[in-house]
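Position chain B relative to chain A; hints supplied.
For the protein sequence lines, the chains are A and B, in the order given.
Following numbering that gives the first Met the number 0, the numbering of the first sequence begins with 0 at its first residue and continues without gaps.
Following numbering that gives the first Met the number 0, the numbering of the second sequence begins with 0 at its first residue and continues without gaps.
Among these hints, one or two may not hold up.
Per the computed footprint, the stretches of chain B lying under chain A, defined by three or more beta-carbons under 8 Å from a beta-carbon of chain A, are [claimed, not checked]: (1) 50-58; (2) 67-79.
Simulated coverage check for chain A against chain B, where a stretch passes if three residues somewhere in it have a Cβ under 8 Å from a Cβ of chain B [said to hold, decoys possible]: (3) 35-46; (4) 81-91.
Note that these hints are calculated values from the structure, not bench results.
Idealized CB from N, CA, C, for every residue including glycine.
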Amino acid sequence: MCSATPTRPSSRGADVDRVPILKIGGILLVSIQIDMADQVALQLQEDLADRVVTTGCHGVIIDISALDIVDSFVGRTLATIASISRVLDAETIVVGMRPAVAITLVELGLSLPGIRTALNVELGMELLAQERAVPPLLLEVEDGEVEDGSAS
Amino acid sequence: MSDRGERLVSDRGERIEVRSDQDVVRVRQLVRTVAVAAKLSLVDQTKIVTAASELARNTLVYGGGGTVEVDRVDNGRRQGIKIVFSDRGPGIADLDLAFTDGYTTGTGLGLGLSGARRLVDDFDIDTAVGQGTSITVTKWCR
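So here's chain A without its partners, still in its complex pose:
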């Protein structure tokens, strides 16, 4: 309740508010602290795509712990951000979803397929670090299903 106050409750048609994007090492961190109007969400989508390209970061963490609702528009925006990032060689992890938000999202019919989640920023960063730490060779062995017959 206390977390989602509008930044400009009475203004209209002014410049679109922006959600700040922080770069920490190889990760872009976004913490959404405002109740975003739709245009703000779309602006974030564009800004993030730009920053992924200009910084070459391989991970994006979006913290939504301050959001007291996620409706279908914001849900779709998060999914789009994840898809765009993936195309640009960055993995997106949405962190900090409140339990009531999760319950509501599922009942709304939005299960956010394609979006990876973690419980908080710290776990999200661990997840990204683990992924980047996996050597490509190991992945091939896992996928390769013992094709060379060396198992016997």
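Positioned in the frame of chain A, the structure of chain B alone reads:
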């Protein structure tokens, strides 16, 4: 709060003109405030605010703008929150289709109307092609 008839708790509800996406934000905040005052649980607050966000966006995007009126209600046993979304837009020609998950005439996900109905306790829709749409939803305290 003395008698226990079915009535509005306050004399008249608050009304918001929905003309921009910033107004949709104001609707969410007003609904949250009233839901807290009506003592809805946290999950129910979240559900009604989410439903209101979907329907207010529909009013804006498909109805071409309109009004949202938020009231606290009391049916003698429980308190609740009632919201009316009205527009003078094109109306909805095929209601069954409009309530189908994934169907949209716009660019959205097609979950707003059907999803909002799942999130509330009472849902009434009154629509006529060429005249507009009015949707009334109510969420009661458990």
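Here is how each hint holds up against the structure:
no., hint, in the structure
1, 50-58, "holds (count 3)"
2, 67-79, "violated (count 0)"
3, 35-46, "holds (count 4)"
4, 81-91, "violated (count 0)"
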